[in-house]
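If you read the sequences in order, they're chains A and B. Add 52 to a position in the first sequence, counting from 1, and you land on the number used in the numbering used here. Add 105 to a position in the second sequence, counting from 1, and you land on the number used in the numbering used here.
Keep in mind the hints are simulated off the structure, nothing from the lab. A quick note: this is a predicted structure, and the numbers were derived from the prediction, not measured. There may be inaccurate statements among the hints.
[As the list claims (entries may be wrong)] Below 25 Å or equal to it, Euclidean Cα-Cα: the simulated DSS-like pairs (lysine-lysine) are: (1) A:LYS286 to A:LYS61; (2) A:LYS149 to A:LYS217; (3) A:LYS61 to A:LYS217; (4) A:LYS186 to A:LYS264; (5) A:LYS217 to B:LYS118; (6) A:LYS63 to A:LYS149; (7) B:LYS117 to A:LYS217; (8) B:LYS197 to A:LYS217; (9) A:LYS217 to A:LYS63.
[Said to hold, decoys possible] Far from chain A by the CB rule (all over 10 Å, computed), these chain B residues: (10) SER110; (11) LYS117; (12) ASP152; (13) SER200; (14) PHE226; (15) VAL253; (16) VAL335; (17) LEU336; (18) LEU342; (19) PHE343.
Ideal Cβ positions, reconstructed from N, Cα and C, are used throughout, including at glycine.
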Amino acid sequence: MSGFLELEKIKRTGFWPAVFGGGILAALVPVINTAVREEVFLQQDGSALEILMNENWQMMAMLNLFFLVASACLLYHTEYADNAIQRMCTLPQKENKMFLNKFVLMCGFCLIALAIEGAGLIFSAVRWFPADEKILWNGVLNMGYAFVLLLPGTLFMLLISAACKNMWISLGIGVICVFTATMLPADHFILSLFPFAMPFQIFAGTVPAVLKNYWIAVGAECAIGCFAAVIFFKVRRLFS
Amino acid sequence: MNFISLLEVELKKIRRSGIFIILFAAAVFMWIPAIFHGDVNFKTQADIGIAPEYNFLIQGFMGLAWFMFPACMVVCTVLICQTERGNHGMLKMLSLPIKTGKLCLAKFAVLLALGACFLFFAAVVYFISAGIVSKTQSYDFMLSPIFVLKETGLIFLTSIPMVAFFWLLSVCIRTPIFAMGVGFASIVPSVLMINTKFWFVYPMAYPFFAVTNEYAKLAESMTPKRIDDVLWGSIALFVTLICVFVSCFCFGQGERR
Numbered sequence: 053m054s055g056f057l058e059l060e061k062i063k064r065t066g067f068w069p070a071v072f073g074g075g076i077l078a079a080l081v082p083v084i085n086t087a088v089r090e091e092v093f094l095q096q097d098g099s100a101l102e103i104l105m106n107e108n109w110q111m112m113a114m115l116n117l118f119f120l121v122a123s124a125c126l127l128y129h130t131e132y133a134d135n136a137i138q139r140m141c142t143l144p145q146k147e148n149k150m151f152l153n154k155f156v157l158m159c160g161f162c163l164i165a166l167a168i169e170g171a172g173l174i175f176s177a178v179r180w181f182p183a184d185e186k187i188l189w190n191g192v193l194n195m196g197y198a199f200v201l202l203l204p205g206t207l208f209m210l211l212i213s214a215a216c217k218n219m220w221i222s223l224g225i226g227v228i229c230v231f232t233a234t235m236l237p238a239d240h241f242i243l244s245l246f247p248f249a250m251p252f253q254i255f256a257g258t259v260p261a262v263l264k265n266y267w268i269a270v271g272a273e274c275a276i277g278c279f280a281a282v283i284f285f286k287v288r289r290l291f292s
Numbered sequence: 106m107n108f109i110s111l112l113e114v115e116l117k118k119i120r121r122s123g124i125f126i127i128l129f130a131a132a133v134f135m136w137i138p139a140i141f142h143g144d145v146n147f148k149t150q151a152d153i154g155i156a157p158e159y160n161f162l163i164q165g166f167m168g169l170a171w172f173m174f175p176a177c178m179v180v181c182t183v184l185i186c187q188t189e190r191g192n193h194g195m196l197k198m199l200s201l202p203i204k205t206g207k208l209c210l211a212k213f214a215v216l217l218a219l220g221a222c223f224l225f226f227a228a229v230v231y232f233i234s235a236g237i238v239s240k241t242q243s244y245d246f247m248l249s250p251i252f253v254l255k256e257t258g259l260i261f262l263t264s265i266p267m268v269a270f271f272w273l274l275s276v277c278i279r280t281p282i283f284a285m286g287v288g289f290a291s292i293v294p295s296v297l298m299i300n301t302k303f304w305f306v307y308p309m310a311y312p313f314f315a316v317t318n319e320y321a322k323l324a325e326s327m328t329p330k331r332i333d334d335v336l337w338g339s340i341a342l343f344v345t346l347i348c349v350f351v352s353c354f355c356f357g358q359g360e361r362r
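Based on the provided sequences and hints, a complete structural model is requested.
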């Protein structure tokens, strides 16, 4: 029930247009890029999605991360503005639960944005590249993988915005994290496990052994994130 | 109230905001990868013929001009707007005998000051990191402060239209997620824009373009682009004036309805 409460809260924050706007903007990246540089793309080896992802995903992932940072900050800003959080704390509900609800909500929004982006990728693959029967399935796989890799980043960003009462502080930390992620070399496995660097990874053309490592890493980071959240809310409750 | 005392009031408002810590942290995080990849500078010397010490500075400043500086400016606009809108501080300001346009200008000046402060931090951290890399690579990476000052000044000057645009966004778009979202989203394509012929119509690309051009001037195998200074300057001035004027006009309109 309380999950729907979170959905109610974002009613007038402009979240819905933001997720669709962000998704469409990111989906336009491959479409415009392919339309302008058609010959360059068609000359490359590999499947259509592999080429498209290699050329565009850097930018799309960055837009996704920005969306993630801004929306996570806003989700908790609605609580901290005008001390709404104090009212929430008086309800017979744990703060952990609220955090989890917000996380689920963010996941839903990420899914919507990624679905739009996947549609953009598949559209440009179908429109400009030679026909491929498995394109739809491949698109779903790629976006599914991207979604899973977004999870730790979402979790940690929400935790940061839950920890800082001022929106600009959490936004600033988020921006620094995204910048650090863009500076990290993508082929270095340990460094690419940084939650904000993971969304830059691409499914197409990755060997299964590496994929498995990322699955494990995502699982571990999510577990750490959830554990950290539980501890953090308990400790903060003690001292507030 | 004259402009100077308004400015003082605005500066006082952000004193305890913690923004300076964020800006300093941003400047530090910007240079950390450069410290670890100190050896790359010698490789680029062989590839495109730029002296390692110049490569170290300009590569760092490219990251700054492309991403860190614009993104930090968006964060600063959020800060300035939220301190005013939180607890309806804006209503109190509007009840004072102050012209709203003047207030808006003072806030814009504070935003520019925060930008200058961030660039100052970036320059200071540059000297520290250049010192560290000089030690680790046994090569003198230190450049003359005048050159560094010139480059930072260039970034600051070319970024004024961009900052004005971000300020316009945060004043006119009252839902914070859109002001932030549009600001962030406009940073991303600047990397594409600087390679087109029409880079000068896109204010967000100015600082990055200017720094890239400086890089091309210092590298032997690259030719800097010819810049029509008059055209660029007039467009930049036009964008800045329009943005500042519109934001001064729109400032506080929502609260006065």
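These are the hints, each one checked on the structure:
Pair hint LYS286 (chain A) plus LYS61 (chain A) holds up; C-alpha atoms about 24 Å apart against a cutoff of 25 Å. Among the hinted pairs, LYS149 (chain A) with LYS217 (chain A) is consistent with the structure: their alpha-carbon atoms are about 19 Å apart, no more than 25 Å. Distance restraint check for LYS61 (chain A) and LYS217 (chain A): the Cα-Cα separation of roughly 18 Å lies within the 25 Å cut-off, and the hinted pair is therefore satisfied. With a C-alpha separation of about 22 Å, the suggested pairing of LYS186 (chain A) with LYS264 (chain A) holds against the 25 Å cut-off.
Only pairs whose Cα atoms come within 25 Å are accepted, and LYS217 (chain A) paired with LYS118 (chain B) is accepted, the gap being roughly 17 Å. Simply put, LYS63 (chain A) and LYS149 (chain A) have alpha-carbon atoms about 20 Å apart, close enough for the 25 Å limit, and the pair holds. Restraint check: the Cα-Cα separation between LYS117 (chain B) and LYS217 (chain A) comes to about 20 Å, which is no more than 25 Å; the hinted pair holds. For the hint linking LYS197 (chain B) to LYS217 (chain A), the alpha-carbon distance of about 23 Å falls within 25 Å, and the restraint holds.
A threshold of 25 Å between alpha carbons decides the hint, and for LYS217 (chain A) with LYS63 (chain A) the separation of about 21 Å falls inside it, so the pair holds. Here SER110 (chain B) stays apart from chain A, with its beta-carbon at least about 25 Å from theirs, past the 10 Å limit. Against chain A, the non-interface label of LYS117 (chain B) holds: every CB pair exceeds 10 Å, the least being about 17 Å. Residue placement check: ASP152 (chain B) keeps its beta carbon more than 10 Å from all beta carbons of chain A (closest about 18 Å).
Against chain A, the non-interface label of SER200 (chain B) holds: every CB pair exceeds 10 Å, the least being about 20 Å. No beta-carbon of chain A comes within 10 Å of the beta-carbon of PHE226 (chain B); the shortest separation is about 13 Å. For VAL253 (chain B), the shortest C-beta to C-beta distance to chain A comes to about 21 Å, beyond the 10 Å cut-off, and the non-interface label holds. Every Cβ of chain A is farther than 10 Å from the Cβ of VAL335 (chain B); the closest lies at roughly 30 Å, confirming the non-interface assignment.
Look at LEU336 (chain B): its CB is around 24 Å from the nearest CB on chain A, clear of 10 Å, so calling it non-interface holds up. Annotated as non-interface, LEU342 (chain B) keeps its C-beta farther than 10 Å from every C-beta of chain A; the closest such distance is 29 Å. In this structure PHE343 (chain B) is separated from chain A by more than 10 Å, as the shortest Cβ-Cβ distance comes to about 26 Å.
The structure shown violates none of the earlier numbered hints.
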